[in-house]
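Chains as they are written, first to last, in the numbering used here: chain B, 1 to 243; chain L, 244 to 503.
Treat the hints as calculated values from the structure; they're not laboratory data. Among the hints, erroneous ones may be present.
Straight-line alpha carbon distances no greater than 25 angstroms define the calculated DSS-like cross-link-like pairs of lysine-lysine that follow [to be verified]:
#1 B/K126 <-> L/K263
#2 B/K138 <-> B/K101
#3 B/K126 <-> L/K472
#4 L/K259 <-> L/K329
#5 B/K102 <-> L/K245
#6 B/K102 <-> L/K267
#7 B/K102 <-> B/K138
#8 L/K253 <-> B/K138
#9 L/K329 <-> B/K102
#10 L/K252 <-> B/K88
#11 B/K88 <-> L/K494
#12 L/K259 <-> B/K101
#13 B/K88 <-> L/K322
#14 L/K494 <-> B/K10
#15 L/K322 <-> B/K101
#16 L/K263 <-> B/K145
#17 B/K183 <-> B/K138
#18 L/K329 <-> B/K138
#19 B/K145 <-> L/K245
#20 B/K88 <-> B/K145
#21 B/K88 <-> L/K253
#22 B/K126 <-> L/K252
#23 B/K145 <-> L/K253
#24 L/K259 <-> B/K102
#25 B/K126 <-> L/K267
#26 B/K101 <-> L/K329
#27 B/K101 <-> L/K245
#28 L/K322 <-> B/K102
#29 B/K126 <-> L/K259
#30 B/K101 <-> L/K263
#31 B/K145 <-> L/K252
Estimated spans, in silico, between C-beta atoms of each pair [to be verified]:
#32 L/Q246 <-> B/K145: 32 to 40 angstroms
#33 B/A125 <-> L/A365: 32 to 40 angstroms
#34 B/N61 <-> L/A365: 38 to 46 angstroms
#35 L/V486 <-> B/K212: 48 to 56 angstroms
#36 L/L275 <-> B/K212: 47 to 55 angstroms
Glycine included, C-beta positions come from ideal geometry on N, C-alpha and C.
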Amino acid sequence: MGQKIAIDVKDLRISYRCLKSFSIKRSLLHFKKAKAEVHEAVRGVSFSVPEGEILGIVGKNGSGKSTMLRAIAGIFSPDEGTIDLHGKSVSLLSIGVGFQKKLSGRENILLSGMLLGFSEEQVRAKMDEIIEFAGLGKFIDMPVKTYSSGMHSKLAFAITAILESDIMLIDEVLSVGDAKFKKKSYNKMKELISKEDRTVLIVSHSSQTLRKLCTSILWLHDGEVKMQGDTEEVLAAYEEFMS
Amino acid sequence: MKQFYIDLKKYFSYAKYSAKSDLKAEVASSYLNWLWWVLDPLLFMMVYTFIAVIVFRSKVQYFPVFVFVGLTMWSFFNKTVIGSVKIIRNNSAIVSKVYIPKFILILQKMMVNGFKMMVSFALVLVMMVIYRVPVTWNILYMIPVLIELALMTFGVCCFMLHFGVFVDDLYNVMNVVLRLMFYMSGIFYSISDRLSDPYRTILLELNPVSMLIESGRLCMLYSSTPHRKMLILWGLVAVTLCVAGIKTIYKYENSYVKVM
Chain B
1 MGQKIAIDVK DLRISYRCLK SFSIKRSLLH FKKAKAEVHE AVRGVSFSVP EGEILGIVGK
61 NGSGKSTMLR AIAGIFSPDE GTIDLHGKSV SLLSIGVGFQ KKLSGRENIL LSGMLLGFSE
121 EQVRAKMDEI IEFAGLGKFI DMPVKTYSSG MHSKLAFAIT AILESDIMLI DEVLSVGDAK
181 FKKKSYNKMK ELISKEDRTV LIVSHSSQTL RKLCTSILWL HDGEVKMQGD TEEVLAAYEE
241 FMS
Chain L
244 MKQFYIDLKK YFSYAKYSAK SDLKAEVASS YLNWLWWVLD PLLFMMVYTF IAVIVFRSKV
304 QYFPVFVFVG LTMWSFFNKT VIGSVKIIRN NSAIVSKVYI PKFILILQKM MVNGFKMMVS
364 FALVLVMMVI YRVPVTWNIL YMIPVLIELA LMTFGVCCFM LHFGVFVDDL YNVMNVVLRL
424 MFYMSGIFYS ISDRLSDPYR TILLELNPVS MLIESGRLCM LYSSTPHRKM LILWGLVAVT
484 LCVAGIKTIY KYENSYVKVM
């Protein structure tokens, strides 16, 4: 298609090595060295995503979807292979990062936003929009610990949704809050996603959502790419495989 | 190292804001909480003064202020170091969801404890007035002493953070080590008066914390200059430790999440 590529993943391998951490007590009691167990979560995945594409990622539990997303977000580095984001900013849409429960929602917006790598001015500029979108009313100035769990996730969703980045990674967060907020966040999602130059990766188990949002689908199975391509085609194959 | 400056610039304001909100949160739960920032060192000062003056009949000049200076500097070091052992685990909610240079977490903790240290030092100044301690320009030596204390703490914390992830019971070990260090740092006795060589030299020159505390007391309370040569030597060690620590963290920080 001659489009610019936003994400280039080449032969990505991620393994969890020796998940057991070392303990002096244990090593004093047992001289035998515990064998490091290696679990390969992602084994040799390669794909590229053009700019502006909305890629859905499906696969059964434990097939390495979240691990891969986290690697793309830069939370941990791949053991082998490369991830090239072409210098774009990336954010993992995640719920309630770095909330300080004793402080008000307003202060937590700043805290969370700055943690995501935005400057204080950038967050302040978006503050009203976030507050309005979260729709918490007077609760915004109350400590976060008084929030119900729904309100908590509404606020968290609002923060990550309004503070935009070039590439958005979404890990199963489309079902937040009550029906009304769900609809609102779904629409917001759609609006965010439909901006032309934004690239989005969505991990979800809901074929329905993916059908509505995605332009193509990547199917991971046991850490390998099983299929990549057109939404309908891959989802149909995936559904047949799962049933 | 270049990455370090870039990250420091980018995340410094987060560390500052987060430290501020930590302190605010402490006050928010009860308005009397800030009182504990003052009461805590004050009460401990009384405990040690009781033990040293009444039980061991110590004859150090300005003894309560003497203890206070030591205690203030020690608790900054102690709290930050013990806190950084579990810092990744305690911040797992952040660490596993977003990339943050891990040393920022230490920086944040140092700011929180540093602020409390400043409150405590304000109290020291008040006590110096009460005890009519003569003040000279030598008190300005306190600035390099405190900078070095911060560097030393940061360097040690980098390694605590790193090994704290991989070694489960490092916390228990460090508790003992720090307690030993506490008694060897001359918080409530004067190493140079009480001990004779070789122990005096060993404790004063090989233990950076006791060297820094002693230096701090010399320039604040006794109008003299600190151990300048040792200050420079340990300063170099502290900087080396920081550089090595930062490099270690950068090399391994992406595997921390996997271990948890």
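Results for each hint:
no.	hint	verdict
1	B/K126 <-> L/K263	21 angstroms, holds
2	B/K138 <-> B/K101	17 angstroms, holds
3	B/K126 <-> L/K472	52 angstroms, violated
4	L/K259 <-> L/K329	20 angstroms, holds
5	B/K102 <-> L/K245	36 angstroms, violated
6	B/K102 <-> L/K267	9 angstroms, holds
7	B/K102 <-> B/K138	16 angstroms, holds
8	L/K253 <-> B/K138	32 angstroms, violated
9	L/K329 <-> B/K102	21 angstroms, holds
10	L/K252 <-> B/K88	19 angstroms, holds
11	B/K88 <-> L/K494	23 angstroms, holds
12	L/K259 <-> B/K101	18 angstroms, holds
13	B/K88 <-> L/K322	39 angstroms, violated
14	L/K494 <-> B/K10	22 angstroms, holds
15	L/K322 <-> B/K101	22 angstroms, holds
16	L/K263 <-> B/K145	18 angstroms, holds
17	B/K183 <-> B/K138	22 angstroms, holds
18	L/K329 <-> B/K138	36 angstroms, violated
19	B/K145 <-> L/K245	39 angstroms, violated
20	B/K88 <-> B/K145	35 angstroms, violated
21	B/K88 <-> L/K253	16 angstroms, holds
22	B/K126 <-> L/K252	22 angstroms, holds
23	B/K145 <-> L/K253	29 angstroms, violated
24	L/K259 <-> B/K102	17 angstroms, holds
25	B/K126 <-> L/K267	23 angstroms, holds
26	B/K101 <-> L/K329	20 angstroms, holds
27	B/K101 <-> L/K245	35 angstroms, violated
28	L/K322 <-> B/K102	22 angstroms, holds
29	B/K126 <-> L/K259	20 angstroms, holds
30	B/K101 <-> L/K263	14 angstroms, holds
31	B/K145 <-> L/K252	31 angstroms, violated
32	L/Q246 <-> B/K145: 32 to 40 angstroms	36 angstroms, holds
33	B/A125 <-> L/A365: 32 to 40 angstroms	36 angstroms, holds
34	B/N61 <-> L/A365: 38 to 46 angstroms	56 angstroms, violated
35	L/V486 <-> B/K212: 48 to 56 angstroms	52 angstroms, holds
36	L/L275 <-> B/K212: 47 to 55 angstroms	54 angstroms, holds
This entry does not satisfy hints 3, 5, 8, 13, 18, 19, 20, 23, 27, 31, 34, going by the numbered hints stated previously.
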